[in-house]
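**Student:** Protein chains in written order, with the numbering used here: chain L, 1 to 278; chain U, 1 to 289.
Because the hints were derived from the structure by calculation, they are not lab data. Only a predicted model underlies this, so the values are computations on that prediction, with no experimental measurement involved. Be aware that one or more of the hints could be misleading.
Each computed BS3-like pair below joins lysine-lysine, with the alpha-carbon atoms no more than 27 angstroms apart [said to hold, decoys possible]:
#, chain 1, residue 1, chain 2, residue 2
1, U, K46, U, K272
2, L, K143, U, K69
3, L, K143, U, K46
4, U, K46, U, K69
5, L, K171, L, K143
6, U, K272, L, K141
7, L, K141, U, K69
8, U, K5, U, K197
9, U, K272, U, K254
10, U, K254, U, K197
11, U, K69, U, K254
12, U, K197, U, K46
13, U, K69, U, K197
14, L, K141, L, K171
15, U, K5, L, K143
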Amino acid sequence: MNAAQAPAGAADDMTPGSAKPEATQELPASRAEICVVAVAECFRGDGELLCNPIGTIPMIGGRLARETFEPYLVMTDGYAMFAGNAMPVGVADAEVLVEAWNPYPQMFSVLWNGKRHVMMGGSQMDPFGNQNFACIGDWHKPKAQLLGFRGAPGNTINHTTSYFIPNHSPKVFVDHVDVVCGIGYDRAAELGPVGSRFHDIRRVVTNMATMDFDTPDHRMRLRTVHPGVTLADVVEATGFELVIDDRLDETRQPTAEELRLIREVLDPNELRATEVRG
Amino acid sequence: MIPDKRLTEDDVVGELRDGMTIGIGGWASRRKPMSMVRAILRSPLKDLTIVSYGGPDIGLLCAAGKVRKAVYGFVSLDTIPLEPHFRIARQTGTVEAMELDEGMMLLGLQAAAWRVPFLPTRAGLGSDLLRVMPEIVTVRSPYPGPDGGEGEELVAMPALELDAALIHMNVADQGGNAQFLGPDLYMDDLMAMAADKTFLSAERVVPTEDLASTGSFHTQRVSRLMVTGVVTAPNGAHFTECPPDYGRDEAFQKEYAATASSPELWGAFRTKYLEGTESDYQRAVGVEL
């Protein structure tokens with residue numbers, strides 16, 4: 001840790017009222033900032049493993065978790081290094097405190113070894129967390145070629161996976177995805193022990209809500225709804241029936257210290273607003 | 001004694017044949033052997049199977065009608081996440097695809113490099129990868145499973161044997177000992193060993209004794225054992241990045257990507273940049289070598 005970083009647990013002790021009043025902290029949290037904190041919460045309890053969120057808000061969220069309640073997380077610089085410092089996103093010449101060199105061949109060793117929690121995106125997702133970002137339509141002649149399988153099959157069967165989806169809509173959350181890239185709970189269960197041994201879809205964060213799979217049959221459950229969004233909005237924007245039980249809650253607000261870290265340290269150029277508006 | 005394996009991009013093309021399986025090193029829009037790709041583009045070669053952590057190499061070769069089949073985990077320009085020319089090829093059904101998990105692809109190259117028929121992995125199990133590509137099958141482990149019972153059933157990732165591999169490095173000697181000076185070798189060493197013939201281009205070709213002064217021995221990860229021919233190719237990875245020598249030419253990459261929107265734009269791009277020699281290309285992009 002370098003000197004600029006908050007000590008472990010600092011955010012837990014800090015209430016909005018006790019924060020130093022600065023102009024940036026008086027603005028209420030934007031939706032993007034709510035998302036950042038919801039992403040950070042996905043990594044709570046992970047301890048010392050590779051926190052590997054992909055995307056702008058995921059990267060800010062992962063780094064926020066490390067700067068506050070999960071100080072021992074290992075994170076990358078977005079390329080081939082494990083970076084120990086609180087890097088701002090999207091700054092090309094940002095300083096990197098190199099903890100270790102982790103080029104791609106080594107990254108696959110890390111992920112097959114299992115000490116990794118990835119956060120990926122998705123163009124489609126079904127009620128059991130099967131994810132698609134390969135293509136839309138028939139794989140053999142797709143209507144829209146997207147990313148390809150990338151690392152999703154290997155990630156989901158080898159270690160913990162979460163998802164960030166910035167455009168919660170019935171086109172994304174569908175009964176059946178066109179191509180299963182990241183495997184969901186039903187697919188993992190069908191494989192037997194070899195499938196479920198390391199499979200763990202932790203959480204799905206969207207621009208409207210957070211979901212988990214902590215239900216008897218691992219159907220997707222609505223866990224929290226973001227401030228400013230109604231339950232009806234989420235239900236309408238989801239193309240299948242979400243499990244809704246008595247644990248449903250509102251997504252928590254960022255603390256003043258979290259807002260300061262987001263705005264001044266981790267995303268000074270406000271790239272988060274390009275991923276989630278409002 | 002270091003053999004002299006130097007040749008030109010056009011000599012490399014002379015070693016390639018229609019229908020060959022060719023591995024191309026680098027990753028997305030990073031350290032791609034673009035001068036050799038350009039030589040293929042202006043040659044009559046056709047029906048190629050291209051194996052690549054794909055970037056503009058696959059996009060350009062598809063747009064030029066050189067590709068019968070693409071083997072990839074993704075095809076991306078990094079700052080432009082989806083390769084537009086490749087998308088057209090897929091969506092119009094003009095190329096066959098073997099679309100792999102990125103790690104499976106590593107194992108396929110490793111298997112070929114080690115001359116074994118497959119390597120086992122959990123990656124791919126339960127996904128539609130095995131459904132849409134039934135040629136990739138599973139294998140039952142002959143050893144007891146974690147519970148002491150029957151062995152686990154795993155994906156048997158087949159060896160990705162290459163007729164030729166093309167890779168680009170920062171520095172090389174005339175025999176093919178080479179250095180990468182950027183942050184990542186990617187799978188270039190595996191590609192080189194998975195191939196019958198490997199052609200290596202480099203920003204600079206120097207006497208072997210000079211390699212020690214350009215980087216630590218840790219950067220000397222490609223040996224001449226893996227290399228058939230060496231091409232001197234300054235700015236040879238353009239427009240992909242080749243750090244620390246140069247970054248990606250984002251403006252040029254945008255210009256290239258925009259040509260996917262119409263055959264006329266692509267035709268004009270091809271005429272302007274891709275029909276002359278490599279020197280013509282470098283002059284057209286504003287580099288005097």
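**Student:** Run every hint past the structure and note whether it holds.
**Tutor:** Checked hints:
no. : hint            : result
1   : U/K46 / U/K272  : holds, 22 angstroms
2   : L/K143 / U/K69  : holds, 18 angstroms
3   : L/K143 / U/K46  : holds, 26 angstroms
4   : U/K46 / U/K69   : holds, 11 angstroms
5   : L/K171 / L/K143 : holds, 15 angstroms
6   : U/K272 / L/K141 : violated, 32 angstroms
7   : L/K141 / U/K69  : holds, 13 angstroms
8   : U/K5 / U/K197   : holds, 12 angstroms
9   : U/K272 / U/K254 : holds, 15 angstroms
10  : U/K254 / U/K197 : violated, 33 angstroms
11  : U/K69 / U/K254  : holds, 25 angstroms
12  : U/K197 / U/K46  : holds, 18 angstroms
13  : U/K69 / U/K197  : holds, 20 angstroms
14  : L/K141 / L/K171 : holds, 20 angstroms
15  : U/K5 / L/K143   : violated, 46 angstroms
The structure fails to meet hints 6, 10 and 15 from the earlier list, while all remaining hints are met.
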